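Undergrad: So you can see what is in the structure, the chains are spelled out below.
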Amino acid sequence: MVQKLDTLTETPSQTAGPYVHIGTAPTYAGLGGIYEHEIGQTTYQDGAEGEVIEITGTVTDGTGWVLRDAVIEVWQADASGRFAGQEGADPKVTGWARVCADPESGEWRLGTIKPGPVPMRGGGWQAPHIVLWIVARGINTGLQSRIYFEDEANGDDPVLARIEQRPRVDTLIAKKTGDGRYRFDIRLQGAGETVFFDM
Amino acid sequence: MTATRDLGPLIPRNRDAHPPAYDPDYKTSVFRSPHLPLISMESTPSEETGPRFGHARLGPLDNNLILNWTKGAAPAVGERILMHGRVLDENARPVPDTLIEIWQANAGGRYRHIKDTYFAPLDPNFGGCGRTITDENGCYEFLTIRPGAYPWPNRGNEWRPMHVHVSVFGHSFGQRLITQMYFEGDPLIARCPIANTVKDRGQLDRLVAPLDLGRARPMDFLAYKFDIVLRGRRQTMFENKLEGM
Ligand SMILES: [Fe+2]
Numbered sequence: 001m002v003q004k005l006d007t008l009t010e011t012p013s014q015t016a017g018p019y020v021h022i023g024t025a026p027t028y029a030g031l032g033g034i035y036e037h038e039i040g041q042t043t044y045q046d047g048a049e050g051e052v053i054e055i056t057g058t059v060t061d062g063t064g065w066v067l068r069d070a071v072i073e074v075w076q077a078d079a080s081g082r083f084a085g086q087e088g089a090d091p092k093v094t095g096w097a098r099v100c101a102d103p104e105s106g107e108w109r110l111g112t113i114k115p116g117p118v119p120m121r122g123g124g125w126q127a128p129h130i131v132l133w134i135v136a137r138g139i140n141t142g143l144q145s146r147i148y149f150e151d152e153a154n155g156d157d158p159v160l161a162r163i164e165q166r167p168r169v170d171t172l173i174a175k176k177t178g179d180g181r182y183r184f185d186i187r188l189q190g191a192g193e194t195v196f197f198d199m
Numbered sequence: 001m002t003a004t005r006d007l008g009p010l011i012p013r014n015r016d017a018h019p020p021a022y023d024p025d026y027k028t029s030v031f032r033s034p035h036l037p038l039i040s041m042e043s044t045p046s047e048e049t050g051p052r053f054g055h056a057r058l059g060p061l062d063n064n065l066i067l068n069w070t071k072g073a074a075p076a077v078g079e080r081i082l083m084h085g086r087v088l089d090e091n092a093r094p095v096p097d098t099l100i101e102i103w104q105a106n107a108g109g110r111y112r113h114i115k116d117t118y119f120a121p122l123d124p125n126f127g128g129c130g131r132t133i134t135d136e137n138g139c140y141e142f143l144t145i146r147p148g149a150y151p152w153p154n155r156g157n158e159w160r161p162m163h164v165h166v167s168v169f170g171h172s173f174g175q176r177l178i179t180q181m182y183f184e185g186d187p188l189i190a191r192c193p194i195a196n197t198v199k200d201r202g203q204l205d206r207l208v209a210p211l212d213l214g215r216a217r218p219m220d221f222l223a224y225k226f227d228i229v230l231r232g233r234r235q236t237m238f239e240n241k242l243e244g245m
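Line by line, the protein sequences give chains A and B.
First residue of the first sequence: 1, per full-length UniProt numbering; consecutive thereafter.
First residue of the second sequence: 1, per full-length UniProt numbering; consecutive thereafter.
Hints should not be assumed to be uniformly reliable.
With a cut-off of at most 20 Å between alpha-carbon atoms, the simulated SDA-like pairs for lysine to any residue come out as follows [unchecked claim]: (1) K115/B to K92/A; (2) K115/B to Y150/B; (3) K71/B to D185/A; (4) K115/B to C100/A; (5) K92/A to T63/A; (6) K71/B to Y150/B.
Worth flagging that the hints you see were computed from the coordinates, not collected in a lab.
It should be emphasised that the depicted structure is a prediction, and the values quoted were computed from it without experimental measurement.
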């Protein structure tokens, strides 16, 4: 026998299921008005510092079929690289939002502020990025991923540097399609599979 | 919030405690599970920070699913229950001030959702979602009705056990968790491919809420207790290495 540890084990995940929107985006599900303030509508308010951008994309399964039911949560720093709650953070940036795939087309759209570089613990910088958490029916544990930007210096990013197969880095880079507009498609499985993290 | 204080990296997720992404008995996961391994690395400030939600944004009925859809005008149909519990982290510390959201079917097993077409009727007095914020001890409560079991397309004759979907934030985005609460004694749990994506029997048992008569109110509601554990932080005296050491 040995001494007993006083650490606990995390509660197991379960799929969010097809009706995840009821609890996370009630207006989308058809329950508009059940809450006075629905959360997760936007990452910023008018007057936030920085460039307003729009990112669109889809989430596809291993057969190439576009998911209509995916929900993506995003979390990001403000234009100066500070997260909400940190000293000096832009009070107009919450940095968190929920994005639902369109029930007909499966397209999702995120309007946000372009984040700044974020300092690492112990020095160094992460290139501007948005952290993603993707849930849907058939996804047993929410998937962590990231959006980086084609028009930023990603070469020294310590997270991207951990990806051995260099062509896979490309799956995390949003492509510029116009002024302040980006495209970011997520592939859950198979050819061009998006990089998912365990962080 | 003391965000500038470094609480240390998140404890790496023990993937054996969670369902595998690919489970052929749950057919949708076959198409939606990554084939390539996850890239494992230490958390960064982007995973260690996270959104915070103030009590001020919640309404007084937000955690009362019996009354929140009708704004208190008429109660939902069903067996009245109190769902309560405590949120801790792996360091066994309570997680206060964290948002919990739940959603569920009505007493007949029907969801109020644009995509649910099951022929059990909607209850005009039941919406099916609620939310609350844990108190200073990490405790939370919902008043709701026991959801019905419902059929779903998977194998030939598949029924979900009675369950409540639960979403928890914690204080770090990397702690984000969605799970499901089941009810003690439900014979459908053992037959459910979604519940049984959790391969460790001890871990599956942790999703089954026991009847808690001590918290039931006589002549009013039964109670079920559902405690939740989120990822913890690895905090040591050696965490912040001096330059050059
Ligand atoms: Fe469900």
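Undergrad: Each hint needs a verdict: does it hold in this structure or not?
TA: Evaluation of the provided hints:
1. K115/B to K92/A: violated (35 Å)
2. K115/B to Y150/B: Distance ~14 Å between K115/B and Y150/B Cα, so the pair holds.
3. K71/B to D185/A: violated (40 Å)
4. K115/B to C100/A: Between K115/B and C100/A the Cα gap is close to 14 Å, so the pair holds against 20 Å.
5. K92/A to T63/A: Roughly 41 Å between the alpha carbons, so the hint for K92/A and T63/A is violated.
6. K71/B to Y150/B: Not satisfied, since the Cα-Cα distance of roughly 27 Å exceeds 20 Å.
Hints 1, 3, 5, 6 from the earlier list are contradicted by this structure; the remaining hints agree with it.
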